[in-house]
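Take these sequences, add in the hints, and give me the full structure.
Order-wise, the sequence lines are chains G and L.
Here the first sequence is numbered in this note's numbering, starting from 1 and rising by one per residue.
Here the second sequence is numbered in this note's numbering, starting from 1 and rising by one per residue.
Check each hint, because a few of them may be wrong.
Calculated from the model, a selection of chain L residues having no Cβ within reach of chain G, i.e. all distances over 10 Å [stated by the list, open to error]: (1) Met-71; (2) Ser-215; (3) Arg-236; (4) Gly-317; (5) Asn-465; (6) Gly-537.
Subject to a maximum C-alpha distance of 20 Å in a straight line, what follows is the list of computed PhoX-like cross-link-like pairs (lysine-lysine) [claimed, not checked]: (7) G:Lys-138 to L:Lys-436; (8) L:Lys-437 to G:Lys-223; (9) L:Lys-340 to G:Lys-61.
Derived list of chain G stretches under chain L, where covered just means 3 residues or more per stretch with a C-beta under 8 Å from a C-beta of chain L [stated by the list, open to error]: (10) 9-23; (11) 219-233.
If you are wondering where the hints come from, they were derived from the structure by calculation, not from laboratory data.
Glycine included, each C-beta is placed from N, C-alpha and C at the ideal position.
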Amino acid sequence: MSKLPILIKIELEKMIRKRSMLWIALMILAIQIAAAFFEHSARLANDDLGTGFQVTVFSLKICLQLVALILLALSSMTLSEEIATGTAKIILVRGVKRRDFILGKFIALVYLSTVLVVFYHLIGLVLGHFLGGLVAIKEGEFLLFTAMDLYKGFFGGMLLTLCAMVALVALGCFVSILIKGSGGAVGTGIVIYFFMQILSQIGLFQKYLFTKYLFLPIDNMSKLAEGIYVDWGRYVWWTIGVSSGSILIFLTLSIIIFNKRDVWH
Amino acid sequence: MLRGCSKINIHFRVSPRPYDTSLRLRCFPLFLVVFLCCILCLPLLSNAKVKKNFFAVYELKVEGDYIDYLMEDLNEDGLNDGLFFYSKRKGKSVSRYFSVFYQHPNGFNKQADYRFEIDPDAVVYDLADVDSNPGKEILFFKNKGLFYYKMIEGRYDTTPILLFETPSIFKLPDQVFLERLNFVRDLNDDGVEEILIPQFFHYVIYSKQEDGTYSMTAKLDCSMQNSVTSLNEVSRYLIATFLTPNTLIVDYNKDQLSDIVTIHDEYLKIFFQNNAGEFSNADSAIVNLKFILTQAYSSRLGNGNIYQRDRFKDKIGITSLADLNNDGLLDMIVEKFSMKDGAFNPKKQFQVFFARQDPDNPKKGGIFNDVPDHIIINRGFQIHSKIGDLNNDGKMDIYIPIIEIGVFNFITMLVTGDIDVTVLWYVMDDSGHYRKKPDFELEVTVEVDTKGRKFPVSSIDGDFNGDGRNDFMRAQDGKLMIHYAPDDGEPKEKADVEFVIELPDNGKMVKPQMVNADAKSDVVMVFTPNGKTIKKGKVQILITR
Numbered sequence: 001m002s003k004l005p006i007l008i009k010i011e012l013e014k015m016i017r018k019r020s021m022l023w024i025a026l027m028i029l030a031i032q033i034a035a036a037f038f039e040h041s042a043r044l045a046n047d048d049l050g051t052g053f054q055v056t057v058f059s060l061k062i063c064l065q066l067v068a069l070i071l072l073a074l075s076s077m078t079l080s081e082e083i084a085t086g087t088a089k090i091i092l093v094r095g096v097k098r099r100d101f102i103l104g105k106f107i108a109l110v111y112l113s114t115v116l117v118v119f120y121h122l123i124g125l126v127l128g129h130f131l132g133g134l135v136a137i138k139e140g141e142f143l144l145f146t147a148m149d150l151y152k153g154f155f156g157g158m159l160l161t162l163c164a165m166v167a168l169v170a171l172g173c174f175v176s177i178l179i180k181g182s183g184g185a186v187g188t189g190i191v192i193y194f195f196m197q198i199l200s201q202i203g204l205f206q207k208y209l210f211t212k213y214l215f216l217p218i219d220n221m222s223k224l225a226e227g228i229y230v231d232w233g234r235y236v237w238w239t240i241g242v243s244s245g246s247i248l249i250f251l252t253l254s255i256i257i258f259n260k261r262d263v264w265h
Numbered sequence: 001m002l003r004g005c006s007k008i009n010i011h012f013r014v015s016p017r018p019y020d021t022s023l024r025l026r027c028f029p030l031f032l033v034v035f036l037c038c039i040l041c042l043p044l045l046s047n048a049k050v051k052k053n054f055f056a057v058y059e060l061k062v063e064g065d066y067i068d069y070l071m072e073d074l075n076e077d078g079l080n081d082g083l084f085f086y087s088k089r090k091g092k093s094v095s096r097y098f099s100v101f102y103q104h105p106n107g108f109n110k111q112a113d114y115r116f117e118i119d120p121d122a123v124v125y126d127l128a129d130v131d132s133n134p135g136k137e138i139l140f141f142k143n144k145g146l147f148y149y150k151m152i153e154g155r156y157d158t159t160p161i162l163l164f165e166t167p168s169i170f171k172l173p174d175q176v177f178l179e180r181l182n183f184v185r186d187l188n189d190d191g192v193e194e195i196l197i198p199q200f201f202h203y204v205i206y207s208k209q210e211d212g213t214y215s216m217t218a219k220l221d222c223s224m225q226n227s228v229t230s231l232n233e234v235s236r237y238l239i240a241t242f243l244t245p246n247t248l249i250v251d252y253n254k255d256q257l258s259d260i261v262t263i264h265d266e267y268l269k270i271f272f273q274n275n276a277g278e279f280s281n282a283d284s285a286i287v288n289l290k291f292i293l294t295q296a297y298s299s300r301l302g303n304g305n306i307y308q309r310d311r312f313k314d315k316i317g318i319t320s321l322a323d324l325n326n327d328g329l330l331d332m333i334v335e336k337f338s339m340k341d342g343a344f345n346p347k348k349q350f351q352v353f354f355a356r357q358d359p360d361n362p363k364k365g366g367i368f369n370d371v372p373d374h375i376i377i378n379r380g381f382q383i384h385s386k387i388g389d390l391n392n393d394g395k396m397d398i399y400i401p402i403i404e405i406g407v408f409n410f411i412t413m414l415v416t417g418d419i420d421v422t423v424l425w426y427v428m429d430d431s432g433h434y435r436k437k438p439d440f441e442l443e444v445t446v447e448v449d450t451k452g453r454k455f456p457v458s459s460i461d462g463d464f465n466g467d468g469r470n471d472f473m474r475a476q477d478g479k480l481m482i483h484y485a486p487d488d489g490e491p492k493e494k495a496d497v498e499f500v501i502e503l504p505d506n507g508k509m510v511k512p513q514m515v516n517a518d519a520k521s522d523v524v525m526v527f528t529p530n531g532k533t534i535k536k537g538k539v540q541i542l543i544t545r
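Shown next, in the form of structure tokens:
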């Protein structure tokens, strides 16, 4: 019988027990709230209040950058730490398949990503509601987008962000297999991430790198909140396709490499 | 042999090697070679055709700075010639010149056919046939009135001739440049050009009489706009500026007669043409705007550079006043520009107002709703937004090229000198409306000059295949690229023509022009010296074969 559900549960319990996790989440929340108030006051100063969606998106943009880095760091050290400290041996000696070991950690991180992404999106909405109101966008009397259009874009964007975040977590897991030691793994993960971010700005590669789609939904939402039309249909399949492909590649490589790796010495 | 293999397998099980590094290292150069080959082969996938003979190139030498030009048939031989303005510094003084390059059946000479110094008091100029002699005259304002250079035996005589005395707003000349103003136009479509003179409070129309002289036929109430600015830098200056309102000669009220439409800060003023081909104050109308247009926030000098005042303030202007939906009434596109969210994140709004017949006064043409009929909002640097008929249905489509500047692509731009431009096309549908979503998005790369505040090549003003529809011209990798107006109405990302040629840093100086007698557009490029490769006075004329 597969021990995957138990492994996921253990991993989740480990994450919940980590106090540092909670503190980091609260710090990001504080930054999000500060960003929302900053944006609101800047709009007040410019005499251009707009709608609460603009506040929501601005605060989320900053917040998601941090969430991405935190998830990358967490996923990069998840395996390397266990291998370095030797706890991986204890688990594997109990007959746990290496594949399940990796998948357990990955799925737990996917749960965590989902919770964080959804949580900060909802917080963003709450902030937007109180600092401007989540109403339709108008230019004078001309209706640009209804509140419903904006909600649809917002939640659609959230799901797409989540897809790309999961790919980021898969990249982190892959790095953690390659590099011994959690510090080295996190550093390497971040360097690879920034390198991919640069590559995703270059026309030749950009379509095929999940990093392009990481903040594309929130950028699109930002455009939408300013009355700029966004063709979501253009991005949906690419985001889902490239993210799924990346997840598949990173996980498969992680499993293949980990299967060949000597964790006993 | 088999036993040997078996031994190796057992060896792996007993002491597994974590990585077969030797195999990976052996394969690495092979992978690298394959990867590099793939990268190098990518350009071969391009469908664009490098057409070496697409243009015949003529290099012209214009000996000076601030080069400006007009391509017109000066000597009336059926071929457009080049009248090039330039200025030349001699010690502390600056002289202004015209160089004349006649087009011969076999093209242009490198050196000007002749050049002559312009009257130092000349303020603005235009070309027109006002004299009975063959050839076009160069008309220019001086403080006293309107003068012209006459063409005698195929050459301009450098003695200014007074056409008539008249006051105008053109009193003092610029020391280094001579601006062209299209003040001679055929207002009543009778084949004889009238002269429209801006005075401080009026537009005065002079018409040609039967005896060949000009006399005033209308004095229209139309105030020039003005502003007074003080400068308190090193010294104290006071700058007084007078602005001629943007003036269109179009049929405003669907009576098949051209009218004079002047655009002011808060209103449009229309002078209607009567059946006798005359204009008067009595037959005019004012259409109030619900916004105040920004007064001359950007100015262009002869060298193509654009200087902006209050660059970071919000601006509003009329981009286009044309019949967009082919209903005979002039529609209006208003452009609102804002840099509130930072210089790298400008926001542009296009408000489309479709004109509707005024029910109280149907003869006075169109009026506009208070609320725009359509709004298009975009972010990013926008080069030249224009209107043109993309799908040949007689209705105007909107073309907006935008450059989205992020941190990474800004770095890429600095390193490579290339930047991605998204050209958005909003096509008017059968019901006469634009959609919220752009109908087409064309992703192209253009070259920009990273040293100065210059512009990439981007134009939809030329028809390079003579099919009667305007094509899209851009530049990339040292090539001039042309995308023909598509037959199916859907623009293509791959250029139809690539032409390898040296291009000016400033793409605004690459313009389609009708130079030779065929129906295809040609290109004129004026180079600004950059101190390294481009020498002073270089002009290239590219004639489509």
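Here is what the structure says about each hint:
1. Met-71: Label holds. Min Cβ-Cβ 36 Å, cutoff 10 Å.
2. Ser-215: holds (48 Å)
3. Arg-236: holds (32 Å)
4. Gly-317: Per Cβ check, Gly-317 of chain L is outside 10 Å of chain G; nearest 17 Å; holds.
5. Asn-465: holds (28 Å)
6. Gly-537: Consistent with the label, Gly-537 of chain L stays out of reach of chain G, its closest Cβ about 37 Å off (over 10 Å).
7. G:Lys-138 to L:Lys-436: This hinted pair holds, its Cα atoms lying about 14 Å apart.
8. L:Lys-437 to G:Lys-223: Holds - the C-alpha atoms of Lys-223 of chain G and Lys-437 of chain L are around 13 Å apart, at most 20 Å.
9. L:Lys-340 to G:Lys-61: holds (18 Å)
10. 9-23: violated (count 0)
11. 219-233: With 6 residues close enough to chain L, the hint holds.
In this structure, only the earlier hint numbered 10 is contradicted, and the remaining ones agree with it.
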